[in-house]
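Visitor: As they're listed, the protein sequences go chains C and G. Mapping of the first sequence onto my numbering: position 112 corresponds to residue 112, and the numbering continues sequentially without gaps. Mapping of the second sequence onto my numbering: position 284 corresponds to residue 1284, and the numbering continues sequentially without gaps.
No lab work stands behind these hints, which were simulated from the structure alone. Among the clues, some could well be false.
Said to hold, decoys possible - Listed next, the in silico BS3-like pairs over lysine-lysine satisfying Cα-Cα at most 25 Å (straight line): (1) Lys1211/G to Lys103/C; (2) Lys1181/G to Lys128/C; (3) Lys1181/G to Lys27/C; (4) Lys1339/G to Lys1304/G; (5) Lys1198/G to Lys103/C; (6) Lys1211/G to Lys1118/G; (7) Lys1181/G to Lys103/C; (8) Lys90/C to Lys34/C.
Said to hold, decoys possible - Label-pair distances were calculated between CB atoms; the ranges are: (9) Arg53/C to Ala1214/G: 46 to 52 Å; (10) Gly21/C to Ser1125/G: 32 to 38 Å; (11) Arg1157/G to Lys75/C: 31 to 37 Å; (12) Gly21/C to Asn1112/G: 17 to 23 Å; (13) Ala1106/G to Asn72/C: 49 to 55 Å; (14) Lys60/C to Ala1166/G: 27 to 33 Å; (15) Pro1231/G to Val120/C: 41 to 47 Å; (16) Arg53/C to Asp1139/G: 41 to 47 Å.
Beta carbons: idealized from backbone N, C-alpha and C, even for Gly.
The lines below spell out each chain.
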Amino acid sequence: MIEKDAVSPPIDILLVEDNPGDVRLTKEALKEGKVYNNLHWAKDGVEALEFLRREGIYAKAPRPDIILLDLNLPKKDGREVLSVIKNDDKLKHIPVVVLTTSKAEEDVLRSYELHANCYVTKPVDLEKFIVVVQSIDRFWLTVVTLPPGKG
Amino acid sequence: MFRRSSTASVETPGKPGGLNRKVWATNAPVWIANVAEEPTLKRREAALQAGLRSAFAFSILVRGEFYGVMEFFSRDIRPRDERVLEIAQTVAHQIGQFIARNHAEAALRVANEQLTRKAQELTRSNAELEQFAYVASHDLQEPLRMISSYTQLILRRYGDRLDSDAREFMDFVVDGATRMKQLIEDLLAYSRVGTHGKEFERTDCEAVLQKARANLRAAIETHGAVITQDPLPTLEADDTQLVQLFQNLLGNAIKFRGSKAPTIHISAQEHGPTWLFGVEDKGIGIDPQYFERIFMVFQRLHNKAEYPGTGIGLAICKKVVDRHGGRIWVESKPDQGSKFCFTLPKKREIHS
Chain C
1 MIEKDAVSPP IDILLVEDNP GDVRLTKEAL KEGKVYNNLH WAKDGVEALE
51 FLRREGIYAK APRPDIILLD LNLPKKDGRE VLSVIKNDDK LKHIPVVVLT
101 TSKAEEDVLR SYELHANCYV TKPVDLEKFI VVVQSIDRFW LTVVTLPPGK
151 G
Chain G
1001 MFRRSSTASV ETPGKPGGLN RKVWATNAPV WIANVAEEPT LKRREAALQA
1051 GLRSAFAFSI LVRGEFYGVM EFFSRDIRPR DERVLEIAQT VAHQIGQFIA
1101 RNHAEAALRV ANEQLTRKAQ ELTRSNAELE QFAYVASHDL QEPLRMISSY
1151 TQLILRRYGD RLDSDAREFM DFVVDGATRM KQLIEDLLAY SRVGTHGKEF
1201 ERTDCEAVLQ KARANLRAAI ETHGAVITQD PLPTLEADDT QLVQLFQNLL
1251 GNAIKFRGSK APTIHISAQE HGPTWLFGVE DKGIGIDPQY FERIFMVFQR
1301 LHNKAEYPGT GIGLAICKKV VDRHGGRIWV ESKPDQGSKF CFTLPKKREI
1351 HS
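Could you put together the complete structure from these sequences and hints?
Guide: Here it is as structure tokens:
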């Protein structure tokens, strides 16, 4: 386990997920991990983009260090959100982890074509889910060196 | 004037009087050399007023059935002329054939349109059904994950506060959800045979078998399976699906081996435009009454403790073989072994 430097600021994670059960589960999994984080939740694609563009109630929203994105979302689905993020110069450097139930080849392929940074299938098993969330957390937030300067 | 009286009178075949009735009744050409001397002719007065003096008429038959009468009038009195009648007969024959052909073509066109429409409907409803299975499988996964994850979370957090009954009940919930997940994934795999098939390409069945064997390596080694084979052909197929086909059949032969180490033979024989394959084992065999049922989705012959599995393997095999335009069946005797046979055409022939 990599120890977190006590003085480093908390990591901001934007979770784009319509299922409250999954949000809570992700929170629980992160809680068991060692990374100190602020989890922000957008319940659909429109909210996610408002958060990222700091519109309306999100005027003071921080720029997330990483985005966990579900594919099947109401209003604007994950593929559209991904496409918008990766075509926006201000946003495209933020790593996007597609975290979804779908194992379908076309979903995987499409996500990478839209420049998702990685694609992870949500395991049905809780232990595995916790491991997956913590691995994402650990890899992207402590192993990888992310672009400097939080906007 | 005469034309008006002709077209206005609707004549009933079989009654004496009209020219066409005569033709119909005798089924022979009629020649009237002098209209004036033909008192039975119904339109005699009208014809004479119009200056028409002689007439002849003959029938048109379509496929041997009376179809109509053609009438010709002349302004001169003309004696019966066999040559004219002969030409007229020939013309009548040609017209009859022409009409028959037109009818046949029209009927064919209608039949073709119906067939095309039916085929389109079938393709659409098949696609809808497969899309439905696919979407249902995906959307069913979500709530299932919630059930199993939160049950596990309760066990994890509060397990020490639950008594043994409560923990047992929770285990059943997790087990149920896990099996449900497997069923959904299998259903998804089954529907993918139809929705996610590749174009057919030249496929070397030797390579296919090697891949299937590699995928089953753990099972083959664990049970010391001995697999022999005939030389296998190259044919036009979806190689991924053929791997699945061989892998499922080999996997079954190993799984249902009985008490001995499995010995399996894979055969291939050329039969005209198709190849006949066989996957033969010396395992536990199958009662003939189940020969059809085993190829249906989720049909199982054993309880889960004896032989785990959802019962999708052979249904997928059948769907793969169907898509390739072949047939699959089983020959088996209980306690002596089973031989799964399937045919695959050599040439491309997509059946969706």
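Visitor: Taking the numbered hints from earlier one at a time, note which ones the structure violates and give those numbers from smallest to largest.
Guide: 6, 8, 12, 14, 16
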